[in-house]
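If you're matching them up, the sequences are chains C and V in order.
The first sequence lines up with residues 1 to 468 when you count with our numbering.
The second sequence lines up with residues 469 to 936 when you count with our numbering.
For the record, the hints were derived by calculation from the structure and aren't laboratory data.
The structure displayed is predicted, hence computed values, not measured ones.
Do not rely on the hints blindly, as some may be mistaken.
Which stretches of chain V does chain C cover? Using the computed rule of at least three CB atoms under 8 Å from a CB of chain C, they are [to be verified]:
#1 562-572
#2 593-599
Covered stretches of chain C (chain V as the covering partner; in silico rule of three or more C-beta atoms under 8 Å from a C-beta of chain V) [stated by the list, open to error]:
#3 21-33
#4 61-71
#5 95-102
#6 113-122
#7 141-153
By construction, the Cβ of each residue, glycine as well, lies at the ideal position given by its N, Cα and C atoms.
Residues per chain are reported as follows:
Protein chains: 2
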Amino acid sequence: MERRYALKTRMEDDFSKWYLEAIDSADLADQAITRGCMVIKPYGYSIWENIQSILDQEIKNTGHENCYFPLLIPLDLFDKESKHVDGFAKEMAVVTHHRLEVTNGKLVPSGPLETPLVIRPTSELIIGESFSKWAQSYRDLPIMINQWCNIVRWEMRTRMFLRTMEFLWQEGHTAHETPEEAIAESRTTHEMYYNILQKHLCLHGIKGIKPDHEKFPGAVTTHTIELCMQDGKALQACTSHYLGTNFAKANNIQFQSRTGSLEYAHTTSFGITTRIVGAIVMSHGDNDGINLPTSIAPYHVVIIPMQNDVLEYCQKIKENISKVCRVHIDAKDKKSSHKRWDYVRKGVPIICEIGRKEVESCSISATFRLNLEKNTISLDEFSNNITSYLKQHDSELSRRNIELHKTKMIQCDGLSSKQIHELLANENKLISISAEKEAESLCATLDQYGITWRCISQDGISVFGKSY
Amino acid sequence: MERRYALKTRMEDDFSKWYLEAIDSADLADQAITRGCMVIKPYGYSIWENIQSILDQEIKNTGHENCYFPLLIPLDLFDKESKHVDGFAKEMAVVTHHRLEVTNGKLVPSGPLETPLVIRPTSELIIGESFSKWAQSYRDLPIMINQWCNIVRWEMRTRMFLRTMEFLWQEGHTAHETPEEAIAESRTTHEMYYNILQKHLCLHGIKGIKPDHEKFPGAVTTHTIELCMQDGKALQACTSHYLGTNFAKANNIQFQSRTGSLEYAHTTSFGITTRIVGAIVMSHGDNDGINLPTSIAPYHVVIIPMQNDVLEYCQKIKENISKVCRVHIDAKDKKSSHKRWDYVRKGVPIICEIGRKEVESCSISATFRLNLEKNTISLDEFSNNITSYLKQHDSELSRRNIELHKTKMIQCDGLSSKQIHELLANENKLISISAEKEAESLCATLDQYGITWRCISQDGISVFGKSY
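Go ahead and model the full structure; you've got the sequences and the hints to work with.
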């Protein structure tokens, strides 16, 4: 008999549909009434909070301080930038009025603003404005700050977590005395992201830099980590930019140097967004729902009592392990098999069902999410080994993700762009090209097939692929 | 000789000017380039982060889950509310365009929206929209959620932290089956705020409810905590509203009850904003700068090495105490007396200056912020007593704040509103009136003098005052 899965759609049949179903059935987010926006529900938000907390600590450990800059940026400031920065993006939400008024029984905007305000699509401009005041002398440098905030970019085609009109992110911004320092800083944050992705998110992507035409507008170097999703498409997980003096010039970030001359600061920026939650779903999920690395899983263990009189025993289990992991007892009035499948879909690493049999034998019936095998384990053994079970869970996620990156990458040296296109006709793959010259010559035609140059890895390998 | 203070303006001479100077010299925030907005700088933001972390834990402990709703709300939704809610506020930022375009060499808004979007002035409406989907049956209730986010309200007269066009806050929203449950919930969150203000912020305000005309539009009951500032004006620190079924009706939050009938949910909301940072400055500050309760102080102890060769000893002090408090060594190239006064202005509870003399005698020269006395203490004694010093710091802040509330409150039973006005001619005070009937009859005329009815305390005492 064919195995039945907890999701209706199988990822091999329709990856996009599977993705939305995985999000919905794990209760991560809803479509919002505002076009292109989403409501991040408690379970989804809790994952983001866990990511934030890991990242925030690392951002602070690497010398950055948090602060907060305004959401609304006077339109004038963009005038400056549009003159300095090629590829200046124009899709932004513009505030033109400051009042609602009733006219003919309907609310309409009134109180037009003299200078319209733009909702930040990123904060380089308004932060640069402050940096230009704060950086007077070389003694004021480096300035290394970060903010957690919301961003609005007018996207026509949106998709839950991956591309939404509003998203949450962290944006770091730094200003330095010398190019060397700024370059080192952008490498440090790139490395920080890489380590967090590997260690905490079990995501083993490709660390590289963007080719020139794919860089952030105004950047000298854009560092990226490209992840391969299970459908063989690439996803840019995060970026660290070395901006040279481009933004300093647009924002007039000048300081008096050690020799007394007036110089432009070298700036960097780095960011990661709620999109990473979508990447986790598409990287680790399976046909039974999402899977979560333990660092960010809201619960590591869920205990489902099958009768009321086993609650005390469930409490005992919880006490035994709650010092080393996040445990939740779900005693809600709902059929326990339904609960089990809910938690499977939510990607809880270990799901325990406790009935009278377990109480009598002082044991636990534990389902491990990654193989869905039910095991009967003595309470002692379970309590003693819980940390090792969770480690195994993460190792297995990492093993699968490393394997995924291996199997989805094909070496295409010497092939024409047409041949490459044909190779990808039935299945998306990442394409590696050893020589950058060859990559350059393929770039334009591959682009026409929707295959873009994702990055040049640290070993100098160019990686192409379809992407999110 | 008259004692010189670290701030130029004394609070008794010009409280408003003193306030801005205290913020500026503690490096809490800057005026932003965006009118009415501020840049919260690292030291100020760190205070907010500490408040957030305490409050977030308590919000979770009381059963609420964090989530995130859109910044932008379709204008249509406000149409509904304006019909249901008296006193509907209209000053809001309205997004009408989604693009910037160059016309005659200047960037101008383009891409007009069919339905304008409003930047949330609070999220009752858009959260209510979700609640109406989530609450189908009594089994789905209660729903208890919270979000940390930014809010925009078009304010004409703004003041750092106290009233800014954009501010940060936490807004909790809950929906319940019965009025009893919802009322109990609004009391729980009111109590939660009260305890946090007392225990963590050393703020001992008046716990009460708002008189009818001062309630949040649409609320049945608005619980408040009113704080007395050092200039004798009142400040509303936070609110918890019981909203009855008013918002449920506007948003159609209906559920199938236990008896099968369709009923409106009873909702509540509760919030506290970055304004509390302003309240802390105006409550605890003095003519030498701000003062901070230890729960939220970025540093408890700052160590200033007076020469380079004492750094090792400074490290030793840090190691001795860093397990029980937040210590920072400031080895920057700057005159140490300047540093000392910087940290006085920043309200660091204990400032240690370490020179060769201290190293030789294995002692510490410690300045306690609240009395600015310098003490020479042996390293052992200092290390052993650090927790108790910090407790004393908080006790003293609390003692002063309790005293402040006592001395600034005058009993005015039987006086006319004119007499009360005259009493406040030279000095702001809070006014207490024992009988609610008397308060009601005074209310309108006092209002003309700018003296408003702040709350009715738990003991039934009506409190009036000028306010922020």
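Evaluated hints:
Look at the region 562-572 of chain V against chain C: 9 of its residues bring a Cβ nearer than 8 Å to a Cβ of that chain, three or more, so the hint holds. Given as covered by chain C, the region 593-599 of chain V passes the check, having 3 residues with a CB less than 8 Å from a CB of that chain where 3 are the minimum. Counting residues of the region 21-33 of chain C whose beta-carbon sits less than 8 Å from any beta-carbon of chain V gives 3, enough to reach three: the coverage restraint holds. For a cut-off of 8 Å, the count of residues in the region 61-71 of chain C with a CB near a CB of chain V stands at 7, and the three-residue condition holds.
Figure legend: the region 95-102 of chain C, annotated as covered by chain V; annotation consistent (8 residues with Cβ-Cβ distances under 8 Å, at least 3 required). Beta-carbon proximity to chain V at under 8 Å applies to 4 residues in the region 113-122 of chain C; the threshold of 3 is reached and the given coverage holds. Interface restraint, the region 141-153 of chain C with chain V: holds (4 residues with C-beta to C-beta distance below 8 Å; minimum three).
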